[in-house]
Amino acid sequence: MVIVSDAAIDPYQLLANYEAQLSARGSVGAAAHFIGLMREFNEGDDVVGMTLEQYPEMTRRALDKLRLSLIDDFELNDALIVHRVGALQITDPIVVVGCWSAHRKAAFEACRAAMERLKSDVPLWKKETLADGSTRWVEQNTPGY
Amino acid sequence: MVIVSDAAIDPYQLLANYEAQLSARGSVGAAAHFIGLMREFNEGDDVVGMTLEQYPEMTRRALDKLRLSLIDDFELNDALIVHRVGALQITDPIVVVGCWSAHRKAAFEACRAAMERLKSDVPLWKKETLADGSTRWVEQNTPGY
Amino acid sequence: MIEVKFLARLKEEIGQDSMEIAARDGMTIADIKQQFFSDAQFQLPILQALNHEFCDETTAVSDGDIVAFFPPVTGG
Amino acid sequence: MIEVKFLARLKEEIGQDSMEIAARDGMTIADIKQQFFSDAQFQLPILQALNHEFCDETTAVSDGDIVAFFPPVTGG
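Residue numbers (the numbering used here), protein chains in the order written: chain A, -1 to 143; chain B, -1 to 143; chain C, -10 to 65; chain D, -10 to 65.
It is worth saying that the hints were derived from the structure and are not from the lab. There may be inaccurate statements among the hints.
As a list, the in silico PhoX-like pairs of lysine-lysine whose alpha-carbon atoms are at most 20 Å apart [to be verified]: (1) K125(A) - K22(C); (2) K22(D) - K0(D); (3) K103(A) - K103(B); (4) K125(B) - K22(D).
Computed from a prediction, not measured in an experiment: that's the story for all the values here.
Model the full assembly from the supplied sequences, consistent with the hints where possible.
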């Protein structure tokens, strides 16, 4: 499942609920999950707020495609991707990726790949508000490898 | 925190509660979690039950050491390791590893390393019950890389 | 007509989120890009999508298409 | 005395979970291992801990120590 939410999300509730309804749960031996959270600093500066802009007609489609690529490439049982858009506060979850597979290798690799693909293939942009009230677009992602 | 539990565990509740009480939450940008679940098959055979034996005087000590090694080696904000012992049923969570860090690279790498270290450094042994009622000790771990 | 959309930083720099332009024979994404982003004020790279799919500059466009321009993505 | 513990499969094969043996001068883990596991029935490798820490066979043991033998671990 893919969810784009403009309201606050509860990653652990989302993951628990999604796992509970997985089909063939007895064939799942591994779950690897990632949660991206809003930090109070970025590139050396204090950050007090963030807005996530999306390309509404395209974001969900890109996330669906990403999710299917993960299931295919890593032979997952299932995957969940949830992404916040709109105005976020410090400590808010930004993104949740859940990957379920028979063995741990696939779940770990899919989860990590999901974040890299998300950071190149999904039309989302972060705009930060700094402590002095100024705003700036985030220009680059932190390296994932 | 490290927990060794002979009763069923709820991974998502444990992770949510632990995250809620982290100090300096605003400095956490990434959480990578792993959950190992009991499958209904292993090495080509149907499995109907599992018992996890531990070395009680040593297990907790080994898990504490493992957790501190992760926090040190990957500069994590914090880590949680929970392991079941005793009798497990299909789909029961066996192990939960939670890793929190500033950036995703460290959380991903720590979480994966945790599982490899756990499978070599912590005195726990799986004994499976097969469909015909016979039991067998698991002799080797599935490769993690 | 072709609908041209601007997202994130580009929307602010262009000052609006979309406009319509006339389609021309043999037109590519690069032609439209040139029209809007030839000024030095625009930081490169600028990425593009055609009808809600990522594409490259050489992609041909025709009447009724939706073209979007945006900076490198920074979600996740 | 030295307390010797057997875990998992070894506990079943030895038929008990611990026993005491007399400490001797210059005794190592390998000496104790030889005493209990020289039969072919025991699949190798067999790992060991001294006072609840993993160790290797060459580790010296003395009176009051707790030595444990067990198969490769399979948790997680």
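Inset, instruction - Given the hint that K22(D) pairs with K0(D), test it: the Cα-Cα distance must not exceed 20 Å. - result: holds (14 Å)
Inset, instruction - Verify the proposed pairing of K125(A) with K22(C), using a straight-line Cα cut of 20 Å. - result: Cα-Cα ~24 Å, so violated.
Legend entry - Holds or violated: K103(A) to K103(B), with C-alpha atoms at most 20 Å apart: Between K103(A) and K103(B) the Cα gap is close to 17 Å, so the pair holds against 20 Å.
Inset, instruction - Decide if the proposed pair is consistent with the structure: K125(B) and K22(D), CA atoms, cutoff 20 Å inclusive. - result: violated (24 Å)
This entry does not satisfy hints 1 and 4, going by the numbered hints stated previously.
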